[in-house]
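Taken in order, these protein sequences are the chains called A and B.
Every letter in the first sequence is one number past the one before it in the numbering used here, and letter 61, counting from 1, is 61.
Every letter in the second sequence is one number past the one before it in the numbering used here, and letter 4, counting from 1, is 4.
These are computed hints drawn from the structure, not numbers from a lab.
Everything numeric in this text was worked out from a predicted model, so none of it was measured.
Check the hints yourself; a few may be wrong.
In silico SDA-like pairs for lysine to any residue, Cα to Cα no more than 25 Å straight-line [as the list claims (entries may be wrong)]: (1) A:K210 to A:G229; (2) B:K77 to A:T67; (3) B:K77 to A:E99; (4) B:K77 to A:F142; (5) B:K77 to A:E102; (6) B:K29 to A:N144; (7) A:K349 to A:V75; (8) B:K29 to A:G107; (9) B:K77 to A:A108; (10) B:K29 to A:I98; (11) A:K255 to A:V469; (12) A:K228 to A:P308; (13) B:K77 to B:R61; (14) A:K349 to A:N369; (15) B:K77 to A:V104; (16) A:K448 to A:S254; (17) B:K29 to A:S150; (18) A:K349 to A:E305.
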Amino acid sequence: MVAGELPKVPTGIDGLDQVTRGGLPKGRPTLVCGAAGCGKTLMAIEFLVRGATLYAEPGVFVSFEETAEELEANVRSLGFDLGRLVADGKLAIDFVRIEPSEIVEGGAYDLEGLFLRLGFAIDSVGAKRVVLDTIESLFGGFTNQALLRSEIRRLFRWLKDRGVTAVITGERGEGTLTRQGLEEYVSDCVILLDHRVTEQVSTRRLRIVKYRGTAHGTNEYPFLIDEKGMSVLPLTSLGLDHMASDERISTGISKLDAMLGGKGFYRGSSILVSGTAGTGKTSMAAHFAAAACARGEKVLYLAFEESPGQLYRNMRSIGIDLEPYARKGMLLMHASRPTLLGLEAHLVKIHKLIEEFDPRVVILDPISNLMSAGTSLDASAMLLRLIDVLKSRSITAFFIHLTSGGSAIETTDVGVSSLIDTWILMRHLEVDGERNRGLYVLKSRGMKHSNQIHEFQLTDRGIELREAVGERERKRIAR
Amino acid sequence: MTTPANDASAPKANELWELRLYTAGQTPKSLAALANLQRICDEHLHGRYKIEVIDLMANPRLAKDHQIVAIPTLVRKLPEPLRRVIGDLSNTERALVGLDLRRAA
Chain A
1 MVAGELPKVP
11 TGIDGLDQVT
21 RGGLPKGRPT
31 LVCGAAGCGK
41 TLMAIEFLVR
51 GATLYAEPGV
61 FVSFEETAEE
71 LEANVRSLGF
81 DLGRLVADGK
91 LAIDFVRIEP
101 SEIVEGGAYD
111 LEGLFLRLGF
121 AIDSVGAKRV
131 VLDTIESLFG
141 GFTNQALLRS
151 EIRRLFRWLK
161 DRGVTAVITG
171 ERGEGTLTRQ
181 GLEEYVSDCV
191 ILLDHRVTEQ
201 VSTRRLRIVK
211 YRGTAHGTNE
221 YPFLIDEKGM
231 SVLPLTSLGL
241 DHMASDERIS
251 TGISKLDAML
261 GGKGFYRGSS
271 ILVSGTAGTG
281 KTSMAAHFAA
291 AACARGEKVL
301 YLAFEESPGQ
311 LYRNMRSIGI
321 DLEPYARKGM
331 LLMHASRPTL
341 LGLEAHLVKI
351 HKLIEEFDPR
361 VVILDPISNL
371 MSAGTSLDAS
381 AMLLRLIDVL
391 KSRSITAFFI
401 HLTSGGSAIE
411 TTDVGVSSLI
421 DTWILMRHLE
431 VDGERNRGLY
441 VLKSRGMKHS
451 NQIHEFQLTD
461 RGIELREAVG
471 ERERKRIAR
Chain B
1 MTTPANDASA
11 PKANELWELR
21 LYTAGQTPKS
31 LAALANLQRI
41 CDEHLHGRYK
51 IEVIDLMANP
61 RLAKDHQIVA
71 IPTLVRKLPE
81 PLRRVIGDLS
91 NTERALVGLD
101 LRRAA
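In isolation and in its complexed conformation, chain B is listed as follows (with noise of 0.2 Å):
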């Protein structure tokens, strides 16, 4: 049995994820974050979610101020708690796990 609280693979129904993906310029490693990422969310999220790109090289401002250091950096804002996942997220199932996405079968 699970209990809806636990059940992390089942995001509430109304619940909205806020996503954000931090780049440094248009690389090969960027490009497929992205695309990797639009594609987990069309999968678990079904539009219930906003995917926000910042790209670092134009404000490295943030990359202190967010404390980011690995690129690309994907950082789940809501629902909380925050979450971080590093890397072009090629790897699926860590990916899913960084996000808690993931079913446990």
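Just chain A, with the same shape it has in the complex (with noise of 0.2 Å):
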């Protein structure tokens, strides 16, 4: 018979039912692996709690390494709340001790004690999924390996039996999957987890090394762990097969809106404002979120500079009250330090808050900030997955991007020029002997724009653009 497609069961994990497309196998084992610390316990521990309290399937959770008291205890911060589950019936917890120093061993034995137990287990809360974790402890606890093996084979091939979907976890060994090589003995579906920490900075990943009957990426899908439990970004297939939209939004300076082709900007456009320090970044962002409030839609607002406050209060300065709005819950304001998590945890992060907050606009300030969190090729590489994944939700996408004062101006160190639509540069002009702000579209796909250099001030209502350099200097010519 040829397999088509296993059915499955969705974990519940934040991303995880997306790259696996619906989830693990049903009524299999799946190994997940990774080194010590990886998150492998926990994922096991988050697809039971989903299973548990969103797909009413009951689970067990068989321990070797640590006591229920642990799990729970390690556990509590995700906000999983293991002794209530065990209370409502919904979860069964058994903690194997292998004790080596007490065991002699004095001739032929099996292992049938752990499948009564387990059997126990899964009997006693009616359990649809089940986790061994890890069960590569018992390698530790008795010396006749041949015998484990075969155990180990009956075990699968009993779980199987039962019908049980089980997580099976496993530490990495050099050069194989998993020490004791349980990859040999799950053949349906096999989970890598990575913990990589590079410049103090740590970054997970997750990586599908198989999953038979179904078409999977070999991609590695970044993946966070925070107070709300696992999320892993499914990456879409960076396509560029978006719908665009024809429709237009104001940037909210009707002058520049004149300068792209009348109209602002394209719906699920990706917009750049780029230039030095001082040259009135933010404040052009602060009109396009004012904007966009004001006309109802929902703005996600990342500060990596500065604190919501310090932002408002600035751009209270030049007459943009923006407080309101997030009073409102039109605005989110989230603030975090670039150097606080890793390239791919930001972007997971952004994707959890685009996920809760389903904003129309999202605005990054600044993302030449986000650098000093990766290398430069991460960060590009970063940003395109942003953009992919804003783009398949028309999300308009509006970045900053601050630019050293050495390096050339029409250059973003992230090097997405590509991927932008639109492009504006803010600059410090000298002329006159004065030195004032200007700004022009150094391109825009898809219309019809301005090829000139405005001059603008920052006033208390915000920016003012004044007629084009050139049409100044043609009139001072003229007089």
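Starting from two chains that each stand alone, build the complex the way the hints lay out.
In structure tokens form, the structure reads like this:
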């Protein structure tokens, strides 16, 4: 029989079900492996917790390393109340203590005791999900390796016969996925977790090594573990098949709209505003945010440089009051230090915020700061992914990029210019013995845009564009 | 010279040994374990022992409560400390070591 797609059960873990196209193979064991501290126990627990709470699938957790009390304490910070689930009959925890020093082997044996325990636990809650974390501990407790292997093989078959969807965890070995080669016994689905620390910033990634009968990406998907559990960032195919909207939205500055074919940005496009320090980039973002909120569109503002309070105050000084929008829930201002998280973690976090808040406009201020959380290659890859996510949801993306003093003004060190639909440059102009601010549209796809450099001022009514510098020159000469 | 405290092969005459054998149904391994245990006790404990057989098939909860993984498992409850020997006890030498009944010689 040619196997079609295996039936699947959703894990309920944010993003994982998208990455696996539906979840884990139903009624079969899945191997989750990775080095110590990669998050496999946590993923296994969340699989059970979500099953019990979201899908009415009770679970059994067989722990070989931590007691029930330790497990409970470890996941309490993630909002998982294992004690409650146990009390409600939705979860059974069995801690299997293997103490090699206490065991003397005096003849032939098998691991029937483990089977009985597992069977008893499954029956006691009517479990549909089982976690074994990690069964490799058995190898430390018993000397007869051949017997252990045949018993583990028997166990996996037994789990299949019981029809439970199982997650088996395994510690990563030298050159193998697991120390004891558990991957040999699990043929349907193998997931590898990875936790890397580069330049003091940690990134977690997940890769589906194998999934029988399912097309799966070979990508590494970044994931995050935070106060709500695990979330995997389901990267889309990075294709170019987004719907392109004809709808135009105002920049919030009418003269700037005029420079952009008279109508402003395209909805769902990506906009880059770059310039050196103090050229008014954030002010432009504030105009755009306020205009969107005034239209009744939700705006997610990701601030990597200033606190919300500081931003509100500064913008009030140019006559833009964003705070009322924030209070009304139209604007979500999320401030975080770029170096606090790795790039992937930022990306996952942003993705989560987008998922929860469902904005029409996302502002990143500034993307250049994210550079400090990773290499420039990573940063552009991340932006590519982010733009992809935003475009697929028709969210208009507004990126601010701070150009450092020495570098050429028309370069962005993140190398994202090709991903950008509309690029506005802001710079200081030195004209007539004055140092003024000017801006021009470097490019804007799909519209007739101005090619003039406009001087502008930051007034208490915001950005005020003056006539184009060229026009003024012409008038001056004509005088 | 051996001191009585160290001479494990000579349990005190008045000491009662409490042994518990965990099995899972009447399997050949379980039956062998019981037979072997009986033989060892007769040889070394001369009627100063009590064997309790617990069939976990009938009472699986005890497998968890008593931390049993391997079957058969023999637990020496008394004298203390608690000791465990797994297997059908066909390896008499190992079984004696495990029960702390083996003479050093």
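Taking the hints in turn, this is what the structure says about them:
| no. | hint | result |
| --- | --- | --- |
| 1 | A:K210 to A:G229 | 24 Å, holds |
| 2 | B:K77 to A:T67 | 23 Å, holds |
| 3 | B:K77 to A:E99 | 17 Å, holds |
| 4 | B:K77 to A:F142 | 22 Å, holds |
| 5 | B:K77 to A:E102 | 13 Å, holds |
| 6 | B:K29 to A:N144 | 16 Å, holds |
| 7 | A:K349 to A:V75 | 20 Å, holds |
| 8 | B:K29 to A:G107 | 9 Å, holds |
| 9 | B:K77 to A:A108 | 22 Å, holds |
| 10 | B:K29 to A:I98 | 22 Å, holds |
| 11 | A:K255 to A:V469 | 14 Å, holds |
| 12 | A:K228 to A:P308 | 23 Å, holds |
| 13 | B:K77 to B:R61 | 19 Å, holds |
| 14 | A:K349 to A:N369 | 16 Å, holds |
| 15 | B:K77 to A:V104 | 15 Å, holds |
| 16 | A:K448 to A:S254 | 16 Å, holds |
| 17 | B:K29 to A:S150 | 17 Å, holds |
| 18 | A:K349 to A:E305 | 17 Å, holds |
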